[in-house]
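Participant: Now for the letters of each chain:
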Amino acid sequence: MTDTNSNQLIRLSAAQLAEKLAAREITSVEVVQAHLDRIAAVDGGDRGVHAFLHVNAEEALAVAAEVDAIRAAGGAAAAELHELAGVPIAVKDLIVTVGQPTTAGSKILEGWHSPYDATVVQRLRAAKMPILGKTNLDEFAMGSSTEHSAYGPTRNPWDLDRIPGGSGGGSAAAVAAFEAPLALGTDTGGSIRQPGAVTGTVGVKPTYGSVSRYGAIAMASSLDQIGPVSRTVLDSALLHQVIGGHDPFDSTSLPDPLGDLVAAARLGNVDGMKIGIVKELHGEGYQAGVENRFNEALELLKQAGAEIVEVSCPNFQYALGAYYLIMPSEASSNLAKFDGVRYGLRVLPEEPPLTIERVMGATRAAGFGDEVKRRIILGTYALSAGYYDAYYGSAQKVRTLIQRDFEAAFAKADVLISPTAPTTAFKLGEKLNDPLAMYLNDVATIPANMAGVPGLSLPGGLADEDGLPVGIQLLAPAREDARLYRVGAVLESLLEAKWGGPLLDRAPELAASPVVEPVETLVDAQEAK
Amino acid sequence: MAAINRDDVAHLARLAHIEMSAEELDRMAGELAVIVDAVKSVSEAAGDDVPATSHPIPLSNVFREDVVGHTFTAEQALSGAPDSDENRFKVPAILDEA
Numbered sequence: 001m002t003d004t005n006s007n008q009l010i011r012l013s014a015a016q017l018a019e020k021l022a023a024r025e026i027t028s029v030e031v032v033q034a035h036l037d038r039i040a041a042v043d044g045g046d047r048g049v050h051a052f053l054h055v056n057a058e059e060a061l062a063v064a065a066e067v068d069a070i071r072a073a074g075g076a077a078a079a080e081l082h083e084l085a086g087v088p089i090a091v092k093d094l095i096v097t098v099g100q101p102t103t104a105g106s107k108i109l110e111g112w113h114s115p116y117d118a119t120v121v122q123r124l125r126a127a128k129m130p131i132l133g134k135t136n137l138d139e140f141a142m143g144s145s146t147e148h149s150a151y152g153p154t155r156n157p158w159d160l161d162r163i164p165g166g167s168g169g170g171s172a173a174a175v176a177a178f179e180a181p182l183a184l185g186t187d188t189g190g191s192i193r194q195p196g197a198v199t200g201t202v203g204v205k206p207t208y209g210s211v212s213r214y215g216a217i218a219m220a221s222s223l224d225q226i227g228p229v230s231r232t233v234l235d236s237a238l239l240h241q242v243i244g245g246h247d248p249f250d251s252t253s254l255p256d257p258l259g260d261l262v263a264a265a266r267l268g269n270v271d272g273m274k275i276g277i278v279k280e281l282h283g284e285g286y287q288a289g290v291e292n293r294f295n296e297a298l299e300l301l302k303q304a305g306a307e308i309v310e311v312s313c314p315n316f317q318y319a320l321g322a323y324y325l326i327m328p329s330e331a332s333s334n335l336a337k338f339d340g341v342r343y344g345l346r347v348l349p350e351e352p353p354l355t356i357e358r359v360m361g362a363t364r365a366a367g368f369g370d371e372v373k374r375r376i377i378l379g380t381y382a383l384s385a386g387y388y389d390a391y392y393g394s395a396q397k398v399r400t401l402i403q404r405d406f407e408a409a410f411a412k413a414d415v416l417i418s419p420t421a422p423t424t425a426f427k428l429g430e431k432l433n434d435p436l437a438m439y440l441n442d443v444a445t446i447p448a449n450m451a452g453v454p455g456l457s458l459p460g461g462l463a464d465e466d467g468l469p470v471g472i473q474l475l476a477p478a479r480e481d482a483r484l485y486r487v488g489a490v491l492e493s494l495l496e497a498k499w500g501g502p503l504l505d506r507a508p509e510l511a512a513s514p515v516v517e518p519v520e521t522l523v524d525a526q527e528a529k
Numbered sequence: 001m002a003a004i005n006r007d008d009v010a011h012l013a014r015l016a017h018i019e020m021s022a023e024e025l026d027r028m029a030g031e032l033a034v035i036v037d038a039v040k041s042v043s044e045a046a047g048d049d050v051p052a053t054s055h056p057i058p059l060s061n062v063f064r065e066d067v068v069g070h071t072f073t074a075e076q077a078l079s080g081a082p083d084s085d086e087n088r089f090k091v092p093a094i095l096d097e098a
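Respectively, the protein sequence lines represent chains A and B.
1 is the number of the first residue of the first sequence in the numbering used here; add one for each residue after it.
1 is the number of the first residue of the second sequence in the numbering used here; add one for each residue after it.
If you are wondering where the hints come from, they were derived from the structure by calculation, not from laboratory data.
Note that beta-carbon positions come from the ideal geometry of N, C-alpha and C, so glycine has one too.
Some hints could be false.
Which bits of chain B does chain A cover? Going by a derived footprint, with three or more residues having C-beta under 8 angstroms, they are [what the hints assert, rightly or not]: (1) 26-39; (2) 53-63; (3) 70-79; (4) 88-94.
What follows is a list of derived Cβ distance ranges for each label pair [claimed, not checked]: (5) B:89 <-> A:77: 39 to 45 angstroms; (6) A:115 <-> B:41: 43 to 49 angstroms; (7) A:11 <-> B:75: 30 to 36 angstroms.
Starting from the given sequences, assemble the full structure and let the hints guide the process.
Facilitator: Set out below in structure tokens:
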């Protein structure tokens with residue numbers, strides 16, 4: 001395979017790859033190898049993207065070869081292959097996988113191998129989608145920049161000195177850098193959508209309970225949701241369809257399916273739809289270039305036949321505060337299991353006595369990073385006697401108020417629209433020592449998690465002042481994820497017509513590492529970290 | 001609501017089983033005070049008549065048949081443990097015998 005062909009393959013969408021694979025114009029082995037070569041070329045080194053914590057070359061190629069053999073043999077087995085069979089994918093390293101390490105971006109799980117696959121991973125395997133590897137994240141998905149990863153930050157492919165968003169910066173950057181056509185993320189307060197916004201990619205937080213959380217290492221169980229990361233709206237719908245649906249291993253899993261999301265993405269029609277601008281989710285505090293691209297998107301939707309209405313969600317002003325009480329409370333409880341007994345790191349205290357309590361204290365001190373410690377302490381505080389009612393109890397009431405605001409807004413509009421994040425990608429290190437400034441990145445994405453409603457972020461163009469990607473967020477009522485794909489597909493095609501092609505075509509060409517390491521070496525290097 | 005101070009953080013760190021150095025306690029107390037101050041308006045947002053929401057989409061009575069299903073072998077369950085012996089997790093002393 002020539003370099004030119006390889007470069008063309010990595011730029012195809014998942015839907016295009018699926019079509020060419022089904023027509024046997026290309027093989028899955030070629031596709032997987034092209035992505036592994038790309039990873040080897042742009043991911044490593046001092047100025048590499050560093051989207052991957054582990055590269056799963058051998059298994060991915062084996063799955064690809066199996067799919068190719070089935071297709072070549074034809075007959076019933078070939079006919080039964082899933083539409084995405086042979087299309088590779090990257091998986092956020094918060095999601096457990098057999099045969100590959102799972103670190104959650106933390107030293108406390110360094111080198112740990114899960115004895116089971118997450119439900120979503122089982123579904124990828126059932127669809128025979130080769131898994132390229134595990135992507136970087138803020139430790140235990142706590143952060144908005146991927147700088148809180150214990151294994152070093154991921155860089156934004158648009159500007160290697162900037163953050164790729166977080167916590168799922170690895171998944172978003174991998175897709176933006178053409179290292180993978182698809183990826184899985186998790187979204188507790190915006191960890192799929194905000195990285196999507198700042199890397200010019202698509203990310204979807206599904207309705208709470210519509211994708212199984214079994215095997216996603218929990219941060220805040222009532223907020224966490226696994227979802228798709230891709231370069232096109234249709235690709236996210238295709239992946240969402242693979243991973244969604246009821247799972248008896250997750251007691252919060254919704255019993256009924258969501259309907260045909262792929263058909264919604266292909267339908268793409270907003271004529272007569274009411275699209276609500278949330279008064280509280282733009283304007284003050286939002287970068288001018290973000291606001292400009294947002295207004296442009298509204299204009300395009302209006303021209304396509306949508307009716308734009310304004311809605312007000314006054315209680316959203318409390319969403320960030322309530323989130324930073326509920327999330328740490330649940331996280332402090334969920335992370336209690338990392339105690340140096342059942343898995344991962346065990347650190348012995350320097351001085352005797354050697355009791356289990358002191359081993360736990362030393363293990364958690366050495367194994368957790370600063371942001372994780374901050375959230376555990378904050379959560380322990382919010383749940384402690386005397387403060388519980390004022391903090392955790394009040395935050396749960398705010399959750400009710402936010403749900404009521406959404407209900408009122410959805411009585412007036414079919415979907416809501418806002419910028420995904422208040423700013424474009426900031427510089428690495430810029431907000432690292434100011435936790436509160438970091439938290440403000442999620443101000444527009446958090447309300448959806450608090451209410452369990454689905455949200456989608458798609459590229460809205462480049463900000464005038466810095467030339468960096470801006471994200472547009474769509475929100476729909478619970479279980480109405482199809483509306484996101486329907487509206488998202490329309491907006492995407494209108495914007496691409498305006499730009500003359502996908503936004504990522506304008507991203508700077510990533511320089512290949514001076515020496516292209518063979519994939520095996522890269523795998524060893526990543527494992528050795 | 002009271003502000004969070006260094007003694008509070010030291011107490012909470014003990015409850016959460018995280019050893020912290022003096023420097024860490026100082027820094028954490030300062031950072032948490034800022035965060036707690038930023039979230040305190042939450043307690044004034046809702047009146048007593050507003051019910052709490054613990055789960056975004058509540059489901060009730062999620063049960064399954066009481067039959068043995070998916071289980072790990074002892075070997076699988078112990079595969080990631082820092083220490084094990086005779087098919088059990090091995091831990092340091094539970095009680096301080098010093």
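Participant: Go through the numbered hints given earlier and state which of them the structure violates, listing their numbers in rising order.
Facilitator: 7
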